[in-house]
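J.: Given chain A, work out where chain B should sit, using these hints.
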Amino acid sequence: MKRVSTVLAAAALAAAALAAGLSGPASADTTLTVAMTAGDIPITTGIPDQGSEGVRFIGYSLYDALVLFDLSRSDKASDIRPGLATSWNIDPANQKRWIFHLREGVKWHDGCPFTAEDVVWNFQRILNKDSPQFDAFQFALGRTYAGNVQSVDKIDDHTVAFNMDRVHSLFPYLLPQIMLISRCNAEKLRYDRNALMFAPSGTGPYRYSRMVAHERLELDANKDYWDKDRIPGHDHLVLLPMPEASTRAAALLSGQVNFIEAPVPDAIPRLKAAGMNVITNTYPHNWAYQLNFVKGPMTDIKVRQAANYAINRDDVVELLGGTAIAGYTTAPPGMPYYGNPVKYKYDPAKATALLKEAGCYPCKINLAISTSGSGQMQPLPMNELVKSQLDAVGFETTLTSMDWNALLNISRGGVDKFPDFTGVNISRNLVDPFNGIVRHVWTGQWAPVGGNWGHFSSPETESLIGQIFGEFDDAKRMGLLTQLHEKMSEQAVMIWVAHDLNPRALSPKLKGFVQAQSWFQDLTRITVEP
Amino acid sequence: MINLLIRRIFYAVPIAFGVSVVCFSLVYLAPGDPLQTILPSDASAETIALVKAAYGFDQPLPIQFLKWLGRVMLGDFGQSIATRRPVSLEVMGALHNTATLALFAVPIAFSTGFSMGAIAGCFPGSWLDRLLTGTAVIGVSLPNYWFGIVLVILFAVEAMVLPATGMGANGSDGFSIFRWADARFMVLPVITLSMVPIGIIARSTRAAVSEVMGQDFVSTLRAKGLSEPAIIRHVLKNALPQVLAVMGLQFGYLMGGSILVETVFTWPGSGFLLSKAIINRDVPVLQGTILMLALIFVATNLLVDLAQSLIDPRIRRT
Chain A
1 MKRVSTVLAA AALAAAALAA GLSGPASADT TLTVAMTAGD IPITTGIPDQ GSEGVRFIGY
61 SLYDALVLFD LSRSDKASDI RPGLATSWNI DPANQKRWIF HLREGVKWHD GCPFTAEDVV
121 WNFQRILNKD SPQFDAFQFA LGRTYAGNVQ SVDKIDDHTV AFNMDRVHSL FPYLLPQIML
181 ISRCNAEKLR YDRNALMFAP SGTGPYRYSR MVAHERLELD ANKDYWDKDR IPGHDHLVLL
241 PMPEASTRAA ALLSGQVNFI EAPVPDAIPR LKAAGMNVIT NTYPHNWAYQ LNFVKGPMTD
301 IKVRQAANYA INRDDVVELL GGTAIAGYTT APPGMPYYGN PVKYKYDPAK ATALLKEAGC
361 YPCKINLAIS TSGSGQMQPL PMNELVKSQL DAVGFETTLT SMDWNALLNI SRGGVDKFPD
421 FTGVNISRNL VDPFNGIVRH VWTGQWAPVG GNWGHFSSPE TESLIGQIFG EFDDAKRMGL
481 LTQLHEKMSE QAVMIWVAHD LNPRALSPKL KGFVQAQSWF QDLTRITVEP
Chain B
1 MINLLIRRIF YAVPIAFGVS VVCFSLVYLA PGDPLQTILP SDASAETIAL VKAAYGFDQP
61 LPIQFLKWLG RVMLGDFGQS IATRRPVSLE VMGALHNTAT LALFAVPIAF STGFSMGAIA
121 GCFPGSWLDR LLTGTAVIGV SLPNYWFGIV LVILFAVEAM VLPATGMGAN GSDGFSIFRW
181 ADARFMVLPV ITLSMVPIGI IARSTRAAVS EVMGQDFVST LRAKGLSEPA IIRHVLKNAL
241 PQVLAVMGLQ FGYLMGGSIL VETVFTWPGS GFLLSKAIIN RDVPVLQGTI LMLALIFVAT
301 NLLVDLAQSL IDPRIRRT
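Chains as they are written, first to last, in our numbering: chain A, 1 to 530; chain B, 1 to 318.
Chain A on its own, in the form it takes in the complex:
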């Protein structure tokens, strides 16, 4: 009998659902509700996980770094700007020592003042495994950016010095990824990381309000934020993990959220038809194949050039519904170090001729690809298209597909551990010049130490990189970076395919969003109409 009544209740529930209207509670507050592509809420204990999306939504909301990216413009690539540090310079007496002058009058969300001790404490947290605040997870997430820091000293209450293990002119570009947390708060919570997750304290434009683990993170506007230009134009920010693309689109169309990340190309016409604003912009993203320079056909520059000539990038852009631009180089056009690189425009006849000249016809190659993954766009159809284009000019391409983790394993292991792959298809961000270009061709980054998967080296690039690290004049360094970028193209160090345009869809009720040419975005400028 109980079962029958339960069934009847359920049936009544379902029937009522079909008949009932959708009505939300009226509120004077305005809320920006974002559907992220992440499968979970990025961690809130400092440097976020979940890749750049974590930094974008948690890092740049709850926290600040000493150096931030300028996300206020959409018409040029984002450059660094002062954050919790107002200025910085290299120690005139020691080129391995960076001096940072800290912003005065800043308070953590818990009310404690921001001090030089806090900076030292934060870097101990990711550098010194004997310190009580050391956090292995934060160490892992920050290592790429703080790996060259040997120690951090307090000079006075508002000045700190970073002692580096090498001369490193690009160091300030790495700091926007290192979010600083309140020492006061961490000590109060006795370094309990779980407690810290649910009571974070930063200096950012939003304060923590509430979190339901795995489901939603609610933040409130920090009306006392130190940067008056970035005081949020709405009252609340709600972040929802929503990995399924069709669910994100449905959530936007049904009014459950008003901002979604990465709508799939197929959904864009429907979103536009419903009046949603679909926004795209170039940003430093590179969808390409890193190549094996130790073994196999890609050791010959003619084969590398042939592969690049074989790619009809217009077809790839069409496949992606116009949400990407053709990728001929590591950096997309518009990046300050783009320069005037060689472009291997689609020329199948030339590609075939080069393969024959190289004595590799047909030319067997084996590419490691993933079925999905951060920044990988639509990896399966894109790789199938690339394979058909490569095979059409004389390659015999094998695509070895695997899940994202397995591909990361190959990427980290490097060519010595996985010599049978001719290339790996991992999208890369070019947030800063070091991670954008230097790491791919520098011998100091040969995997498994760093990001030079295929162990590329050349005397010219090595010399340029040495000069870049030692050049502290911004304009001169940019000139050297431009030369490096051009040299990478000349050497055809990758097979370049596309640069993502980073589509987002916003409810027409949202105003003021400026999509920066960056992996990070500033949500504070958005206003929400009731």
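Treat the hints as calculated values from the structure; they're not laboratory data. Model, not experiment: these values are computed from the prediction. Warning: the hint list may mix true and false statements.
What the hints assert, rightly or not - These stretches of chain B come out as covered by chain A in the derived footprint (C-beta under 8 Å, 3 or more residues):
1) 44-55
2) 67-74
3) 150-156
4) 163-177
5) 260-266
Unchecked claim - For each label pair, taking beta carbons as the anchor points, the in silico distance ranges come out as:
6) B:138 x A:380: 42 to 48 Å
7) A:527 x B:160: 43 to 49 Å
8) B:146 x A:381: 17 to 23 Å
9) A:357 x B:56: 53 to 59 Å
10) A:92 x B:170: 44 to 50 Å
Cβ atoms here follow ideal geometry from the backbone N, Cα and C, with glycine treated the same way.
T.: Below, chain B without anything else, positioned relative to chain A:
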């Protein structure tokens, strides 16, 4: 009966141990590495080594297994790599959310499926049989994630009468099935989740009922002049043990949560948790969730065995 219960519980212990070995080993057989996702894509070997040591993944697998098993025996499933929350908390929270769906999906699926199968089985070959069996086949054949997306398009996007995703403004904290503002978030996932079990149970019931209908004792009952409803009651009782076994499996399926359905509806249940743990290679969560789900299956099978032997005394003698 007590002996049977003890015997069945005794059988369940090695099964549970076997499951724990399998679920510990499986996650290491997959390519990739624990901590893979929390490390940057170009993390150096030195960074990986330090983090592995910090999380205890640098020890030999048998040692890791024994330590894990020792902790599990004491109810400690470890900590999630990604969130650092206790795995038991993560798994129990997710199971609670899945059970909330199952609370409705189980009676809907079982009663609908059983009714459809029983009617079809009682009238084999009739148009009613063909209609109900055809419907059941559709229920089994439709990919449920596709069906869920279609429901979302119809009821959330076009008609805008139901929400598309999630558990509402409060999330699972404070979610109440008695408050319509919350309960309406369940409607589409429950319907989607019920489709496959309805089809499977209907087909199994139909097969069992029609088989019993063909047995000699039914002809005898009819020859004795028993009324059709009374005959059907006898038939259903005889078909029930077979159907119960299928229902047990389907109960386990519903309690385990569907990865695809929960992902489509962003429902924070055990299926969604499992999918995130797989993607993130969050080994402690993966092991804890698989083990808990396996234990639920073992417990369900135990209950089904007992229920079968209560209904059919012949089973007690085997």
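J.: So, for every hint listed, does it hold in this structure?
T.: Consistency of the hints with the structure:
1. Judged by the Cβ-Cβ criterion of 8 Å, the region 44-55 of chain B is covered by chain A as claimed, because 9 of its residues qualify and three suffice.
2. Only when three residues or more bring their CB closer than 8 Å to a CB of chain A does the claim for the region 67-74 of chain B stand; here the count is 0, and the claim is violated.
3. Counting residues of the region 150-156 of chain B whose CB lies closer than 8 Å to any CB of chain A gives 4, which reaches the minimum of 3, so the coverage claim holds.
4. Three residues within the 8 Å Cβ limit are the bar, and the region 163-177 of chain B against chain A gives 9, so the coverage statement holds.
5. Interface restraint, the region 260-266 of chain B with chain A: holds (4 residues with C-beta to C-beta distance below 8 Å; minimum three).
6. Between residue 138 of chain B and residue 380 of chain A the beta carbon distance is about 29 Å. The supplied range of 42 to 48 Å is therefore violated.
7. Hint check: residue 527 of chain A to residue 160 of chain B, Cβ distance near 24 Å, so the stated range 43 to 49 Å is violated.
8. Taking 17 to 23 Å as the suggested C-beta distance range, the pair residue 146 of chain B and residue 381 of chain A conforms, at roughly 19 Å.
9. For the pair residue 357 of chain A and residue 56 of chain B, the beta carbons lie near 54 Å from each other, so the given range of 53 to 59 Å is met.
10. Between residue 92 of chain A and residue 170 of chain B the beta carbon distance is about 57 Å. The supplied range of 44 to 50 Å is therefore violated.
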